[in-house]
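Residue numbers (our numbering), protein chains in the order written: chain Z, -3 to 286; chain R, 397 to 582.
No wet-lab data here; the hints were simulated from the structure.
Keep in mind that the hints are not guaranteed to be accurate.
As the list claims (entries may be wrong) - Distance condition first, Cα-Cα at most 25 Å in a straight line; then the derived PhoX-like pairs of lysine-lysine: (1) 552(R) <-> 20(Z); (2) 577(R) <-> 271(Z); (3) 106(Z) <-> 577(R); (4) 556(R) <-> 98(Z); (5) 556(R) <-> 242(Z); (6) 97(Z) <-> 577(R); (7) 242(Z) <-> 212(Z); (8) 271(Z) <-> 442(R); (9) 20(Z) <-> 561(R); (10) 495(R) <-> 271(Z); (11) 561(R) <-> 65(Z); (12) 98(Z) <-> 110(Z); (13) 212(Z) <-> 20(Z); (14) 495(R) <-> 98(Z); (15) 577(R) <-> 202(Z); (16) 202(Z) <-> 541(R); (17) 265(Z) <-> 577(R); (18) 541(R) <-> 265(Z); (19) 106(Z) <-> 20(Z); (20) 20(Z) <-> 556(R); (21) 271(Z) <-> 541(R).
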Amino acid sequence: MVQYAYFPGCSLGSFGYDYHLSLKYVTEALGMDLVEVEDWVCCGGFSARATSHLLSIALPVLSLSHAEKAGFNQLVAPCSICVSRFKAANAELEHDADLMKKIHEVFDYKYQGKVKVYHPLEVFLEMGLDKIRERIRKKLAGLKVACYYGCLLTRPPEIAQFDQVEDPQSMDSIVRALGAETADWSFKTKCCGGLMTLSRSDMVLKLSNDVLHGAKEAGANAIAVACPLCQVNLDGRQRQIEETYKTRYGIPILYFTQLMGLAFGAYPKEVGIQKLLTTPCEVLGSIGLM
Amino acid sequence: MTDPLPKETSQLSRDLQALTGVDVMACDQCEECTLGCPSAYAMRMKPHELVRAIQLGLSEEIHWSGAIWTCLSCETCNTRCPQGINILRVIDGLREMSKDFEYYNPYPAIPALHRIFMSLVNRYGKLHPLGMVLLSNLRMLTPFKDIDLASPMLLKRKLKPLPHKSHGARELRQVMARIRKLEGAK
Chain Z
-3 MVQYAYFPGC
7 SLGSFGYDYH
17 LSLKYVTEAL
27 GMDLVEVEDW
37 VCCGGFSARA
47 TSHLLSIALP
57 VLSLSHAEKA
67 GFNQLVAPCS
77 ICVSRFKAAN
87 AELEHDADLM
97 KKIHEVFDYK
107 YQGKVKVYHP
117 LEVFLEMGLD
127 KIRERIRKKL
137 AGLKVACYYG
147 CLLTRPPEIA
157 QFDQVEDPQS
167 MDSIVRALGA
177 ETADWSFKTK
187 CCGGLMTLSR
197 SDMVLKLSND
207 VLHGAKEAGA
217 NAIAVACPLC
227 QVNLDGRQRQ
237 IEETYKTRYG
247 IPILYFTQLM
257 GLAFGAYPKE
267 VGIQKLLTTP
277 CEVLGSIGLM
Chain R
397 MTDPLPKETS
407 QLSRDLQALT
417 GVDVMACDQC
427 EECTLGCPSA
437 YAMRMKPHEL
447 VRAIQLGLSE
457 EIHWSGAIWT
467 CLSCETCNTR
477 CPQGINILRV
487 IDGLREMSKD
497 FEYYNPYPAI
507 PALHRIFMSL
517 VNRYGKLHPL
527 GMVLLSNLRM
537 LTPFKDIDLA
547 SPMLLKRKLK
557 PLPHKSHGAR
567 ELRQVMARIR
577 KLEGAK
């Protein structure tokens, strides 16, 4: 068993609980052990960076130092906002000695910057697609999936250090390994409106509508996501979008880990399929998964 | 904006460079940032205009346009800028500086929601999503907004009625207090 420190973040305990369930299922199946970081705190998201730069570095460091103290040098964070904040904190501290000094000033523990941060997609890819193929019990043939990466997974490239910036392929290659077809579409890294979901819902509806429309045009019957905020905007707000733009999508928005779990032979309930708001029953039923 | 660049660097761009380390004077208005920007359609001052306004030192116009709050922090502008200007870092700098000024802001709810977010994190060590929704709705005077979204999520237990407190909250408050002290001393 390979051990990783695990930072679930605020969303995986609540509106991203299905992501948590499916990630746990998949990592266990692949022989990974995710150990939750003790006493972790919020990464500060978009709000800390709009308040104070030092604060936006200090909040990730709080949780990272807990992982470092526990002896971990690899940390997995499934939310792309958390991953991005962690990676930014590590990168800035590595290049900016003054900032490191300030951080050491406000902390009792002296963080060394030794914890490497990964998104689950990176870990799975490093593990190799063959290892994923070995575990498959039921191929997802008949599914055409549009893989949606969102903003922060690949951007900015010097911090994310992940895949191609404008046309990433990592999730596509995993989904194809599961036996599904993937859509070639241009909205992979377009923004869903994430941060404004409460303050400017009108913008979120417009931007998420663009994404859903793009997926439908590309002939996809499901969208795979890797971030809980993207999921809630595309899935939870899908009915509002349909009402606002007088259209009908009915495209289920699944976490890529849920697709992996289903292909590994999990019962839908084990990977949190029942928690999706846009029902995937029709699509999954048509390929004999429900 | 066709104003020629002044010979001297504006005070605003010098202040921003001191705060963020980003030099906006290298911008030559190719508009790549605006072309990729998902929220440009909703901005009264587009990203490339914002950079020009910083070069010219037009603080009031920048804040009055509200563009720094309509920005979604999606990092597309930084990624595509051929001059390598970290525009989002500059916008974050402007957001940070806005606390020190009394400029008019057409979207006061957005920074208010950031403050609500931070106060929940300060209190519990993590965000309580339902609390965030309720407090935001109260702040925006739309108490029943998104009730069609929140109620099925509550039923599916995707939103927890009560906040869960992290044991790290105490340490977090200590760190936040020290940061305030450090920044106040400047």
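Outcome of the hint check:
no.: 1; hint: 552(R) <-> 20(Z); verdict: holds (19 Å)
no.: 2; hint: 577(R) <-> 271(Z); verdict: violated (44 Å)
no.: 3; hint: 106(Z) <-> 577(R); verdict: holds (19 Å)
no.: 4; hint: 556(R) <-> 98(Z); verdict: violated (36 Å)
no.: 5; hint: 556(R) <-> 242(Z); verdict: violated (32 Å)
no.: 6; hint: 97(Z) <-> 577(R); verdict: holds (16 Å)
no.: 7; hint: 242(Z) <-> 212(Z); verdict: holds (15 Å)
no.: 8; hint: 271(Z) <-> 442(R); verdict: violated (39 Å)
no.: 9; hint: 20(Z) <-> 561(R); verdict: holds (22 Å)
no.: 10; hint: 495(R) <-> 271(Z); verdict: violated (40 Å)
no.: 11; hint: 561(R) <-> 65(Z); verdict: holds (21 Å)
no.: 12; hint: 98(Z) <-> 110(Z); verdict: holds (18 Å)
no.: 13; hint: 212(Z) <-> 20(Z); verdict: violated (30 Å)
no.: 14; hint: 495(R) <-> 98(Z); verdict: holds (21 Å)
no.: 15; hint: 577(R) <-> 202(Z); verdict: violated (41 Å)
no.: 16; hint: 202(Z) <-> 541(R); verdict: holds (17 Å)
no.: 17; hint: 265(Z) <-> 577(R); verdict: violated (49 Å)
no.: 18; hint: 541(R) <-> 265(Z); verdict: violated (30 Å)
no.: 19; hint: 106(Z) <-> 20(Z); verdict: violated (31 Å)
no.: 20; hint: 20(Z) <-> 556(R); verdict: holds (20 Å)
no.: 21; hint: 271(Z) <-> 541(R); verdict: holds (21 Å)
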